[in-house]
Amino acid sequence: MKTLTIIIVLMLAFTLLCGCMTEAPESSPQLSEVKLNSAHVNERVTLNAAMADLKIYLSEGEVSTENMTIHLVVGDGVNISGMARTWTLGVTQNNISSLFVYKNSEWRQIGWG
0 MKTLTIIIVL MLAFTLLCGC MTEAPESSPQ LSEVKLNSAH VNERVTLNAA
50 MADLKIYLSE GEVSTENMTI HLVVGDGVNI SGMARTWTLG VTQNNISSLF
100 VYKNSEWRQI GWG
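Quick note: the sequence shown uses numbering that gives the first Met the number 0, first residue 0, plus one each step.
Careful, some of the hints might be misleading.
Restricting the straight-line Cα-Cα distance to at most 20 Å, the calculated cross-link-like pairs of lysine to any residue (SDA-like) are [what the hints assert, rightly or not]:
{"no.": "1", "residue 1": "Lys54", "residue 2": "Leu98"}
{"no.": "2", "residue 1": "Lys54", "residue 2": "Thr4"}
{"no.": "3", "residue 1": "Lys102", "residue 2": "Gly81"}
{"no.": "4", "residue 1": "Lys102", "residue 2": "Val73"}
{"no.": "5", "residue 1": "Lys54", "residue 2": "Thr2"}
{"no.": "6", "residue 1": "Lys54", "residue 2": "Glu65"}
{"no.": "7", "residue 1": "Lys102", "residue 2": "Ile55"}
{"no.": "8", "residue 1": "Lys54", "residue 2": "Val72"}
{"no.": "9", "residue 1": "Lys102", "residue 2": "Leu53"}
{"no.": "10", "residue 1": "Lys54", "residue 2": "Arg84"}
{"no.": "11", "residue 1": "Lys54", "residue 2": "Ser97"}
{"no.": "12", "residue 1": "Lys102", "residue 2": "Ala48"}
{"no.": "13", "residue 1": "Lys54", "residue 2": "Ala83"}
Simulated restraints, written as ranges between beta carbons of each label pair [as the list claims (entries may be wrong)]:
{"no.": "14", "residue 1": "Gly76", "residue 2": "Ile7", "range": "47 to 55 Å"}
{"no.": "15", "residue 1": "Ala48", "residue 2": "Asn94", "range": "24 to 32 Å"}
{"no.": "16", "residue 1": "Arg43", "residue 2": "Ile7", "range": "13 to 21 Å"}
{"no.": "17", "residue 1": "Asn94", "residue 2": "Ile55", "range": "21 to 29 Å"}
{"no.": "18", "residue 1": "Ser80", "residue 2": "Leu3", "range": "54 to 62 Å"}
{"no.": "19", "residue 1": "Ala51", "residue 2": "Asn78", "range": "16 to 24 Å"}
{"no.": "20", "residue 1": "Arg107", "residue 2": "Glu65", "range": "13 to 21 Å"}
{"no.": "21", "residue 1": "Asn103", "residue 2": "Val62", "range": "17 to 25 Å"}
{"no.": "22", "residue 1": "Glu42", "residue 2": "Ile7", "range": "55 to 63 Å"}
No lab work stands behind these hints, which were simulated from the structure alone. All C-beta atoms in this analysis are idealised placements derived from N, C-alpha and C, irrespective of residue type, glycine included.
With the hints as constraints, model all of the structure from the sequences given.
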């Protein structure tokens, strides 16, 4: 019994000594502060609301909907109520693919080759 106690004490001492003797990293990563606009950080919207805003965006005339087909609808950060932080539509128009991304109450069209 005495031998078992001595072995356990030696193992604990060895473990503590090894943990205390490890080298510190040469340099720690530099952290920078990023300030977010708190009004939009967790803003979520339903697909119906995003699509209503898309109609307004398209009615401004910058983007034509002629021959446009939606192939993909993806919501990022969707909660149980069906509200997402970002909605992405994958579309083709005249054999050209692009993405429509809705985030922070605005739509953006991004070319997708």
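Hints, one by one, checked against the model:
Distance restraint check for Lys54 and Leu98: the Cα-Cα separation of roughly 15 Å lies within the 20 Å cut-off, and the hinted pair is therefore satisfied. Straight-line distance between C-alpha atoms of Lys54 and Thr4 comes to about 77 Å, which puts the hinted pair past the 20 Å bound. Between the alpha carbons of Lys102 and Gly81 the distance comes to roughly 15 Å, so the proposed pair stays at or under 20 Å and holds. Pair hint Lys102 plus Val73 holds up; C-alpha atoms about 12 Å apart against a cutoff of 20 Å.
About 81 Å separates the Cα atoms of Lys54 and Thr2, which puts this hinted pair outside 20 Å; it is violated. Of the pairs offered as hints, the one joining Lys54 and Glu65 holds, with about 13 Å between alpha carbons and a cut-off of 20 Å not exceeded. Straight-line distance between C-alpha atoms of Lys102 and Ile55 comes to about 15 Å, which keeps the hinted pair within the 20 Å bound. At most 20 Å may separate the alpha-carbon atoms for a hinted pair to count; Lys54 and Val72 meet this at roughly 16 Å.
Distance restraint check for Lys102 and Leu53: the Cα-Cα separation of roughly 11 Å lies within the 20 Å cut-off, and the hinted pair is therefore satisfied. Restraint check: the Cα-Cα separation between Lys54 and Arg84 comes to about 19 Å, which is no more than 20 Å; the hinted pair holds. A hinted pair counts as satisfied when its Cα atoms are at most 20 Å apart, and Lys54 with Ser97 qualifies at roughly 17 Å. At most 20 Å may separate the alpha-carbon atoms for a hinted pair to count; Lys102 and Ala48 meet this at roughly 12 Å.
Note on Lys54 and Ala83: the hinted pairing holds, with a Cα-Cα distance of about 18 Å set against a maximum of 20 Å. For the pair Gly76 and Ile7, the beta carbons lie near 50 Å from each other, so the given range of 47 to 55 Å is met. For the pair Ala48 and Asn94, the beta carbons lie near 30 Å from each other, so the given range of 24 to 32 Å is met. About 55 Å separates the C-beta atoms of Arg43 and Ile7, a value inconsistent with the hinted range of 13 to 21 Å.
For Asn94 and Ile55, the hinted distance range of 21 to 29 Å is satisfied, since their beta carbons lie about 27 Å from each other. A hinted range of 54 to 62 Å holds for the C-beta pair Ser80 and Leu3, which are about 59 Å apart. For Ala51 and Asn78, the Cβ-Cβ distance of about 19 Å falls inside the hinted range of 16 to 24 Å, so the restraint holds. Between Arg107 and Glu65 the Cβ separation comes to about 20 Å, which falls inside the hinted range of 13 to 21 Å.
A beta carbon spacing of about 19 Å between Asn103 and Val62 agrees with the range 17 to 25 Å that was offered as a hint. Restraint check, Glu42 to Ile7: a C-beta distance of roughly 56 Å satisfies the suggested window 55 to 63 Å.
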